[in-house]
Amino acid sequence: MSSRILSVEDINVYYGAIHAIKDVSFQVDEGEIVALIGANGAGKSTTLKTLSGLLRSQTGSIEFLGENIMHVPADKLVARGLAHVPEGRRVFAQMTVEENLQMGAYTRPASEIEPGLERVYTHFPRLQERRRQVAGTLSGGEQQMLAMGRALMSSPKLLMLDEPSMGLAPILIEQIFQIVKELHEAGTTILLVEQNAQMALSIASRAYVMETGNITITGTGDELLHNDEVRKAYLGG
Amino acid sequence: MTVFLQYLVNGLSMGSVYAIIALGYTMVYGIAKMLNFAHGDVIMIGAYISFCVTSYLGLPAVVSVLAAVVVCTVLGILIERLAYKPLRQAGPLAVLITAIGVSYFLQNAAQLIWGATPKNFTSIVSFQVPAFLKAYNVSAVSLVTVVACLVIMAALMWFTGKTKMGKAMRACSEDKAAAQLMGINVNRTISMTFAIGSALAAIAGVLLCSYSPVLQPTTGSMPGIKAFTAAVFGGIGSIPGAFVGGILLGIIEAMAQAYISTSLANSIVFAVLIVVLLVKPAGLFGKYVPEKV
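Protein chains in written order, with this note's numbering: chain A, 3 to 239; chain B, -2 to 290.
None of these hints come from the bench; they were simulated from the model. Treat the hints loosely; a few may be bogus.
Claimed, not checked - In silico BS3-like links for lysine-lysine, alpha-carbon gap of 27 Å or less: (1) A:K78 - B:K173; (2) B:K116 - B:K30; (3) B:K159 - A:K78; (4) B:K173 - A:K159.
To be verified - Now the stretches of chain A that chain B is said to cover, found in silico as 3 or more residues with beta-carbon under 8 Å: (5) 23 to 34; (6) 104 to 110.
Said to hold, decoys possible - Label pairs and their computed distance ranges (CB to CB): (7) B:K277 - A:Q60: 44 to 50 Å; (8) A:N42 - B:L274: 55 to 61 Å; (9) A:D31 - B:M154: 47 to 53 Å; (10) A:S27 - B:Q86: 26 to 32 Å; (11) A:T218 - B:A151: 58 to 64 Å.
Every residue gets a Cβ at the ideal spot worked out from N, C-alpha and C, and that includes glycine.
Here chain A stands alone, though its shape is the one from the complex:
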């Protein structure tokens, strides 16, 4: 039996008067890839930001590894094993690739940095080639790899990826998803937010569809790939 990593119950998030997340509940179990798909503005990124403490829910509960993390500040969650790769990568553009990765291990003891770098470089050989280069000069795909590598440096129990395919050429999207699959096979539990529903559902164990702040459809990746509504709305018929 796999154990529950994340359990979200009835969270509600507001941006001023706008009710962005409405009574959202979902779960992630150990070893899963859970996808959160939906259109632009459906509330997927807001959900992730709420999980990582950058935004606050007014209600409900968020349990991570059995503990309520609703009121834990964002910078304390990393050490507990929750890593968030934000939308738009958000790498530190003026720092080198290796410095970015070191920042990823900010909460880890110094002795873990070297093995961490080695592990990241096996998944992302490109980053090793460019490790002395300033991150702002990397291509979009490389920046995405760096953002993911940086999150892996904290040895997370749950890796949350926000739109890893955004703005990338199809060949790079393939590569990034290949890596996501590899990370999963290496034992990382993943919560994946994607607009590219096709790609996301093809690797997801389970998926949730979000529409205007609500979760409307749930099922296994396969089920949703063949669900008529999902096909019409997100998979181009």
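For this one, chain A is given, so just place chain B on it according to the hints.
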């Protein structure tokens, strides 16, 4: 030629004071993204503390500098905590106005405590300078100032480039939310920056008053504004920029005083700033980082 070199020495030493102040400005701006206009007044407080410790308590100069550093560091952290932190989510104008308010508050507090009558500050350094240097107007203070400035810049470069805390500061300066996602405590990092900037201000205050011994509540404001100019000149946010900007500003000022007009020197300094900003809007060392998407 000797006269020119004398002016150059004057410019270099005054420029080093500006550079030390500018380094504080730039550190705070780089991380907190705010212009701390009270920075110049922290300098003045530092000078008063040093003055009190030597004149009233009769303790050695080194102790007075340490006391000034400690008091200013605490003051800097307090100012940030009480005046700026509550405005973390507010617009930049609110913060700017608050900073101006803090500046007046410090000046008036100093006037209340120490009175408006200028104090006569005795230089904290007094050793014999070799005769050949003396010919070029090199004083003990100018030697100490230039060396202090170089040491401080090197230390800051090392700190931000090599240490974990320093790198975390750079990360915060680029992207606070992303830094938080790394586990970096942004509030503590900002506090730390204010502490460093204010400690530098204390040192600058003592050196400044060792040069021009008149200490009054407004002592810090003009050097503060000039150092701010120096920081912008060099590219605000950049440590080598603040250093080069400070030194250049000191030299330009000294040369303007010597060869053009003493009373116009300030105007010339600011005119040069305007020209530099017209040509290089980001300042001499201001970074334009191309970002690929």
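Query raised in the report: With a cut-off of 8 Å between beta carbons, are at least three residues of the segment 104 to 110 of chain A near chain B?
Result: Holds: 5 residues of the segment 104 to 110 of chain A have a Cβ under 8 Å from chain B.
Query raised in the report: Are K159 (chain B) and K78 (chain A) close enough, with their CA atoms no more than 27 Å apart?
Result: 24 Å, holds
Query raised in the report: the segment 23 to 34 of chain A covered by chain B? Criterion: 3 or more residues, Cβ-Cβ distance below 8 Å.
Result: Not satisfied, violated; 0 residues make the cut.
Query raised in the report: So does S27 (chain A) sit 26 to 32 Å from Q86 (chain B), Cβ to Cβ?
Result: 29 Å Cβ-Cβ, so the 26 to 32 Å window holds.
**Report entry** Outcome of range test on Cβ distance (K277 (chain B), Q60 (chain A); 44 to 50 Å)
**Finding:** Since the Cβ atoms of K277 (chain B) and Q60 (chain A) sit about 48 Å apart, the hinted range of 44 to 50 Å holds.
Query raised in the report: Is the distance from the Cβ of N42 (chain A) to the Cβ of L274 (chain B) consistent with 55 to 61 Å?
Result: Check failed, 40 Å falls outside 55 to 61 Å.
Query raised in the report: Is the distance from the Cβ of D31 (chain A) to the Cβ of M154 (chain B) consistent with 47 to 53 Å?
Result: Check passed, 48 Å falls within 47 to 53 Å.
Query raised in the report: Would the pair K78 (chain A) and K173 (chain B) pass a check requiring their Cα atoms to be no farther apart than 27 Å?
Result: 14 Å, holds
Requested in this report: Take a look at whether the Cβ-Cβ distance between T218 (chain A) and A151 (chain B) falls inside 58 to 64 Å.
Outcome: 60 Å, holds
Report task. Starting from K173 (chain B), check that the Cα of K159 (chain A) is at most 27 Å away, please. Result -> Holds. K173 (chain B) to K159 (chain A) sits at ~23 Å (cutoff 27 Å).
Query raised in the report: Within a Cα-Cα threshold of 27 Å, do K116 (chain B) and K30 (chain B) meet the stated pairing?
Result: Measuring from Cα to Cα gives roughly 35 Å; hence the hint is violated.
Checked against the numbered hints above, the structure violates hints 2, 5 and 8; every other hint is satisfied.
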